[in-house]
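First residue of the sequence shown? That's 2 in our numbering, and the numbers climb one at a time after it.
Since the hints were made in silico from the structure, they are not lab data. Computed from a prediction, not measured in an experiment: that's the story for all the values here. By construction, the Cβ of each residue, glycine as well, lies at the ideal position given by its N, Cα and C atoms. Any given hint could be a false lead.
Pair by pair, the computed Cβ-Cβ distance ranges are [said to hold, decoys possible]:
no., residue 1, residue 2, range
1, 190, 291, 19 to 29 Å
2, 77, 121, 27 to 37 Å
3, 302, 347, 26 to 36 Å
4, 251, 335, 20 to 30 Å
5, 339, 74, 30 to 40 Å
6, 135, 340, 48 to 58 Å
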Amino acid sequence: MTAVRLARLNRNGVSFWLDGISRFLLDSKALAALVRDWRVSGATTNLELFLHAVNTGPAYTEQLCSLAELGGDLNQAVQELAVRDIQWACDVLLPTHLARHHTTGLVSADMDPRVCHDQHTTLDMARTLWRAVDRPNILVKIPATDAGLRAITSCLAEGINVHATSIFSAERYQQVTEAHLTGLSLASEAGLPLSRIHSAASFHVSPIDAAVDPLLTAVGSDRALALRGKTALAAAGAVLERHKETFAGTAWQQHARRGARRQQLVWAATTVNDSRYHDTHYTDGLFAPDTVSIVSEQSLWAVADHGRVLPHEVAGVERERVLDALPMWGISLPEIGSRLEDDAHRRALAVWQHLLDVVRAALKQYRTH
2 MTAVRLARLN
12 RNGVSFWLDG
22 ISRFLLDSKA
32 LAALVRDWRV
42 SGATTNLELF
52 LHAVNTGPAY
62 TEQLCSLAEL
72 GGDLNQAVQE
82 LAVRDIQWAC
92 DVLLPTHLAR
102 HHTTGLVSAD
112 MDPRVCHDQH
122 TTLDMARTLW
132 RAVDRPNILV
142 KIPATDAGLR
152 AITSCLAEGI
162 NVHATSIFSA
172 ERYQQVTEAH
182 LTGLSLASEA
192 GLPLSRIHSA
202 ASFHVSPIDA
212 AVDPLLTAVG
222 SDRALALRGK
232 TALAAAGAVL
242 ERHKETFAGT
252 AWQQHARRGA
262 RRQQLVWAAT
272 TVNDSRYHDT
282 HYTDGLFAPD
292 TVSIVSEQSL
302 WAVADHGRVL
312 PHEVAGVERE
322 RVLDALPMWG
332 ISLPEIGSRL
342 EDDAHRRALA
352 VWQHLLDVVR
362 AALKQYRTH
């Protein structure tokens, strides 16, 4: 297996970010090898993988012991564990960031999900993380809730790089692009150099099919059953069309003339969880120029081994056929998107609470030694 397919996709404007960073991945130089040999041009933290790494591996023991001796705040301890990983990953990817004129080599970092419905606390936490990491190639993750949209605008207005996440509908994606453009306008008015501000927006793919496929099965007609596994790619195609329209528009062109960088369209949750579908079903279906796919190591190997290599129109001519059919059966993608956003928030809260419990127990253990 070689990186030939990945290199060809790169040449056609398709990029890959690794889903999940950990101390082991960094200390073993595995991330550096993925960047050097396997065309990985970015990385994103993953709360579930971070929890697993802290809970099961020895890589964090030394820092946890130091934090226990200092006797600091639990939330501060969790942030310091994360910040060290984020800084390290940023440093690994910084040569890529500089060599490609700051267009890639980015690291996207989670914040405490408990604040995602609080605009002002989200902004405060984004500022804190931005200053703590202190790297030009960090993106601060902000879920695209109603409050998150306002925080995204405020962050960009201050020159803080942002990655809007938990987007499950074209309508929400449109709101994110509007928040992005408004933030750039405010940054320009404040005299900030727009060329130094980076922004990305992640559309989450596989959860859409996971939600819609059972509804199609319940409808039971041949036409409905034939659409299983196709809704997510069709919805992604609609998002891509909005992306193209936004960045061909007059409002964007005004920012571009001032040096602004286009918001990167990112495909997230691309792992296939349904055995009926090929393991590269989503990554293959989402290859389009100037897009990023967040992939696990396993998905990256699958693409390198047998993924398709030519970018194409996402969902192709099927997109309108799929999207037009769903309302006939009472299936509303905006409603499903809203529900998936809530589900994602609940899962993030549960993972974060588990992470706090694990770190609390570790600090208590090391304080008594």
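Report task. Compare the structure with the hints numbered earlier in the document and write down the numbers of the violated ones, lowest to highest. Result -> 2, 6
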